[in-house]
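So you can see what is in the structure, the chains are spelled out below.
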Amino acid sequence: MSGVFDAVVIGAGHNGLAAAATLARAGMRVLVVERAKTVGGMAKTVDWGAGAKGPEIAHLLYNLSPAVTRDLKLSLDTRSLPTIALSPDGAHAVMDGASLIFAAGGMHPQAADYAALHERLCRFAAFLGQLSDKPPPSLAGGLASLRDIGGMARLGLGLKRMGKADMREFLRVILSNAHDLILDELPDGPIAGALAADAVRGVWAGPRGPGSVFTLLYRMGQGGGAALPIGGIGAVTDALARAATTAGAELRFGAGVASVEVEADTVRGVTLEDGTKIAATAVLSSLAPLPSLHLAGAAHFDVETTRRARKVRAKGTVAKLNIVLKSAPDIPGLTDAQTAGRLIVAPSAAYVESAFNPVKYGAVSKHPVIEAVIPSLTDPSLCDGDRQVLSAVVQYVPHTPEGGWTDAGRAALTRRIIDTLAAYMPGLPELIEGKTLLTPADIEHLTGAPGGHWHHAEMSIDQLLTVRPMNGMARYAFGVSGLYLCGASAHPGGDVTGSPGPNAARRLLQERSA
Amino acid sequence: MTQNDTYDAIIVGAGHNGLTTGCYLAKAGLRTLIVEKNDWIGGAAVSRSLHDGWTYSNCSYVCSLLRREIVRDLDLPRFGLQVIPYEGGATFTGDGDYFAYMSDHDALRREIARHSPRDVDAYDRFAQTVMRQCRFIRPFLLRNAPDPTSLHPRDLGELAFLVKQAHGLGARELGETIRFWTMSIGDFLDEHFESDLIKAHLAGSGIIGTGLGVYSPGTAYVLLHHYMGDVDGSIGAWGFARGGMGAISNALGQAFAEAGGEIRTGAGIDRFRVRDGKIVGIALENGDTYDAPIVASNMDVKRTFLRHVDRACIPDDFHKAVTRFKIRGSSAKINIALDRMPAFPAAPPNAPFLRGDLHCSTSLAELERGYDDWKDGRWSAEPYFDMLIPSQIDPTMAPAGQHMMTVFVQYAPYDLEVDGVRSGANWTDGARDALADCVYEKMQQAIPDIRDRIVHSEVRTPLDIEREVGLTEGNIFQGELTFDQLLFNRPVPGYADYSTPIDGLYMVGSSSHPGGGVMAAPGANAAREILRRAGRGRKMPRLAS
Ligand SMILES: Cc1cc2nc3c(=O)[nH]c(=O)nc-3n(C[C@H](O)[C@H](O)[C@H](O)COP(=O)(O)OP(=O)(O)OC[C@H]3O[C@@H](n4cnc5c(N)ncnc54)[C@H](O)[C@@H]3O)c2cc1C
Ligand SMILES: Cc1cc2nc3c(=O)[nH]c(=O)nc-3n(C[C@H](O)[C@H](O)[C@H](O)COP(=O)(O)OP(=O)(O)OC[C@H]3O[C@@H](n4cnc5c(N)ncnc54)[C@H](O)[C@@H]3O)c2cc1C
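These protein sequences, in sequence, are chains A and B.
Each position in the first sequence, counted from 1, maps to that position plus 192 in our numbering.
Each position in the second sequence, counted from 1, maps to that position plus 1 in our numbering.
Looking at chain A on its own, in the form it has when it is part of the complex (with noise of 0.2 Å):
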C-alpha cells in the first residue's frame, strides 16, 4: 500500500467504522486498522463452541441514533423485547414502551404511575438525545455556550414539546439520582428496580448516586426499549463495516496500532505493530484518551492535558457470562414469548444499591443485577438443534479483585450468577453445556477499552458533555492537529449508538472544509 491516506482510524468498532464510513462518503480515502482478527470491537458475534454463536460482549441495541441508520443507509433486521421485571415471589411484570402488565396476564398496580414516570423520562430523554448527534457545546465563548443549550431547548423539542413546568422539571431532575426519581412514583420492587439498574448498567455508580438520572435518560434516547439484532450484535458492526467499504473505506485486520507520528505538532500517520508505516493526514482513534495519548507520545502534550488524560475515571463494573444451553430454560410464570424477553435480575432498587456496595472495596456483589436475554429464542440461527445460547450482563464485578483473579474467584463468581438466574430458572445448572465468563480485565484484554469500562470513560456528570472525556479536549480533536478520539469516551458516549464516530469524522471534515 503507497500513499497517503486521507484519514486513519484506529480501531473497527462500531464507531470506528461509522467515522470510516462517514469520511469515505464524503470522499475521503480511508483505512481502519484492527488489531483483532474481526471488526465489531465490543459489539460483536462470536462462536460459543458446541454449535452455537451469540453476543461476545454487548448483546442488545438500547439507543443506536437513527441519524447514523439512515445516513449510512444501515439496512438492520431488528426484533424489539419486552422487559421482563422478574420478581423472587413469581409475580414477574412485563414493561413494554409505556405499558406495565403482568406476566401472568392482568392489571399491574402501579400500571398508571409508570405510564406516567416512562412518558416523562421519554421526552426528557428525547430532549437530551438531540445533544447526541452533535458535539458538545463548546466552552470556548464561556457561558454563552450553556446558553447554546438553553437555545436549542427553545428551538428544537423544547418549545414544541416541553413547556416551562417540564423544563423546570428537567432542570430539577437531570443532576439528580434515579433511586429518589423512580421511588417518588412507585414503591420499591422489581418495576423499580429495573429502571435502577437500567439507571446504572455500565457505569461504577449505584441509583443513589447523582448523576444516575442522566445515564437512565442518556439509555432511553430512542424510548427506553431494547432491540435484538438478527444474526447478534456482530450484524450492526457488519453492517456498518459493509457501509465503510461500499464507501470506498479499506479495512485491515491484525493490524494494531503501535504509535501515532507526529512530527511539528501535526500528525502523520501510524506505525502499526509489526512496524509498517502508514501516512495519513489525519488519525481518529476510537481509544480511550490514555492510550491515545501514549500511542502518540505524550511528549506531544502539555502535561497538565497528560495529567487529566491519566485522571479520566474509567473503573469497569461489569462482567459477560455467555452460557450454551442444551435446551431453552423454563422460567415458571413465564410464557415462552416472554422468556424470550429482556430478563432483568433486580428486584428492588435497593437491592441495585447494595449490589454496588462491595465494587467500591474492589469485591464483587454478592447478589448481582443481571440483565439477561436468550437470542436464539428469537434468532434461531444462532445455535443447532435444541441448543440455546444466554447471554448474561452482570454487574458489579471488580476490574481485578482484591488479590487478583483465580480460578477459584472465576468459579465462585460464574456460580454466584447461575445460581442468581437459577432462582428463576430452576432446571437452569442441568442444561449448561459450556460457559464462557469475561471479567472488566479480560474485557479490557480483549478490546484495550481502559479499565474494561463499558463506556471507555466513566460516564458521571464530571466527564460528560463539554468535559467528556475531559475537560479541554471535547470536541473530538485531541491535542496534536490531525488527531481526534471517535469512541465511545467521546461526546455523548458509549453504548452501541454510533453517535461519536460520524461526530467525529464531521469535526474532522468541517475542518478540512475550513
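Simulated from the structure, these hints should not be mistaken for laboratory data.
Below 16 Å or equal to it, Euclidean Cα-Cα: the simulated EDC-like pairs (lysine to aspartate or glutamate) are:
(1) B:Lys540 with B:Asp74
(2) A:Lys503 with B:Asp191
(3) A:Lys503 with B:Glu177
(4) A:Lys229 with A:Glu465
(5) B:Lys279 with B:Asp9
(6) A:Lys469 with A:Glu455
(7) A:Lys507 with B:Glu192
(8) B:Lys321 with A:Asp305
Predicted model only: the values in this text are computed from it and were never measured.
Place chain B with the ligands on chain A using the hints.
What follows is chain B with the ligands alone, placed relative to chain A:
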C-alpha cells in the same frame, strides 16, 4: 384568655434566619412579631446550659458561613457577637500517629511530606482550586438564584450576573468549574492526593450533614459549602462564637428588639391562616391568633406546608414537590462536659492543632463504608466525627480547668432499622446509648481515656434534633444540598425567590437558597424580597456585590 393583635409582619420561628429577616423588616419600619415554639431562641444556633457550669453549643458548634455583610449591617458585635478563629486540626490513626493540619504553610508542607512527599505540591493545587471556587461562589450567596426558565428581567439580570462572573473564568476554568461542581469529593481528592490519611482528613467537609457518601457526585460542592465562609475576611477559616453559637442568635435577637421587634417564645404555631389564596395571619397552639399581611416561615419547607398549612390552600403540584423534597437526617451530636483536658498520647504536649477540629477516620473507604451503613438504616459502625474542645479558646464554656467538647457524628439515620422495620421510633434510650458508645469506642483512637473524662453528656439523635429544633428528620441543612435542591431548585422550582403559592407567605429558613449552615443569607435575601414586594425595597441595604 386568648390574645390577638395585628402586625405588619410575623415570622414563625426564631432560628437565626428568622431573626435575621426580623431585623431587616423591623429596621425598615415594619411592626414585626417573631413567634417561637421553644422557650429560647436560636433554633440550631443555640447555647444552652444543661450541666452546672458548662455551656453547650447544642447543635451547630463552629462559625464561618455567617455573612460578613450581615454582621456589619446589623452591627452584631455591638450586641456581644465575637468570633474567635481557631486554627489547625488533626486526624488520629489507630496506630498512634496522626496527620495534623496547620495553618502555617511551611509547617503544613513538612507535615504532609512526613506522610507522603508527593502530596506536598498536590496540596497547593487542591487549595488553589478550592479557593478559586470559593471566590466564584461567594458573590451568589447574597443574591437571588437566577431562574433559567424565566424571561423576567430580574431573572435575566441574575443570569447575566452569572454569565459575567463565569466569563471571567475562560474556557478551561469554566470546564474545571463544571467538573468541580458535579464531582464527588472522593474522586476530587483521588485526583490530587496519594495518602489515604490526608484524603480522609480533607473529605469530611464533603459529607457533613448530607445523605451522600464521599464517592457520591456533588459532594465536592458540599465541601465548598463548608469552605466558602470566612472569619474576619480569611476565606475558609472557622471560628468559635464566644459563649457558643447562641451568641449569634442572641445578638440578632437584641438587634431585633432594638429595632422595635417583638419576640414571643413558648409560642408554637398551629397553622398559617389563609383566605382566598392570601395569608392573613397565624394561629398559635395556645389559641392566640395574630393578623398580618406578611408572614414568613423560618421552619423547613416540609414542616411549613405539610403540617401547618391547610392542604386545600396549596396547588397539587406544589404539594407534591414539597412531599418529595429530600430532607434526610444523617447526623448526630454529642456534647460532653470533661473533668479536665483529655490526653492525646499521639500528639506532642500542648500541640496547637488540638485546638482545632479532630477526627479519627483514616481512609475514604472507611468513610464510604460509613455511608453504606447509613443507607441500610444503621449508624456507621466506624463513624466519622468532627470534634472540638472550644473551651481551650473560649473559657466561658466550662469551669476553670475543666472543658467542653463538641462531637458532630456522621452518619446516623433518622429512621433507624430494627428487625427489618425502619422508623424514628426505634431511637430508644438504649439505641441512643449504643450510638454514643460506638462513638467513644472509635474516639479512643485519639483519647484512650475518654470514658473516664466524661462528667456529663448530651447525646442527640436525628430524632432528638427533629423534636427540639423542628428540623424535619434532623436534617441539619433544612434539606439536602444536592443539585436538585440547590439554586433555582431550592426549595421548589419556581419558588426559589422566597415566595410561596400563598400570597404574602414567604420562606426564610435554610430550606431556601443558598441553604443551610449558620449563614443568615436565606434570611437576609428573603427580607430583601419581602421589602421589595411591599414597596419598601429602598429600606433594604445593598448587601450583595
Ligand atoms: C460487558 C459489556 C456489555 C455491553 N453490552 C452492551 C449492550 O448490550 N448494548 C449496548 O448498546 N452497549 C453495550 N456495551 C457497551 C458497548 O459495547 C460499547 O460502549 C461500544 O461497543 C463501544 O464501541 P467503540 O467502537 O467506541 O469501541 P470498541 O467497541 O471498544 O472498539 C475499539 C476497537 O479498537 C481496537 N483496538 C484497541 N487497541 C487497538 C490498537 N492499538 N490498534 C488497533 N486497534 C485497536 C479494539 O480491538 C476494538 O475493536 C457493553 C459493554 C460491556 C463491557
Ligand atoms: C447538630 C447540628 C450541627 C450543626 N453544625 C453546624 C456548624 O457547626 N456550623 C454551621 O454553620 N452550621 C451548622 N449546622 C447547621 C445550622 O445550624 C442550621 O442549618 C441553621 O442553624 C438553620 O437555621 P434556620 O434559621 O434556617 O433554621 P432553624 O435553626 O431550624 O430555625 C427554625 C426555628 O423554628 C422553630 N419552630 C419549629 N417549629 C415551630 C412551630 N411550630 N412554631 C414556632 N416555631 C417553630 C424552631 O424551634 C427553630 O427555632 C448544624 C446543625 C445541626 C442540627
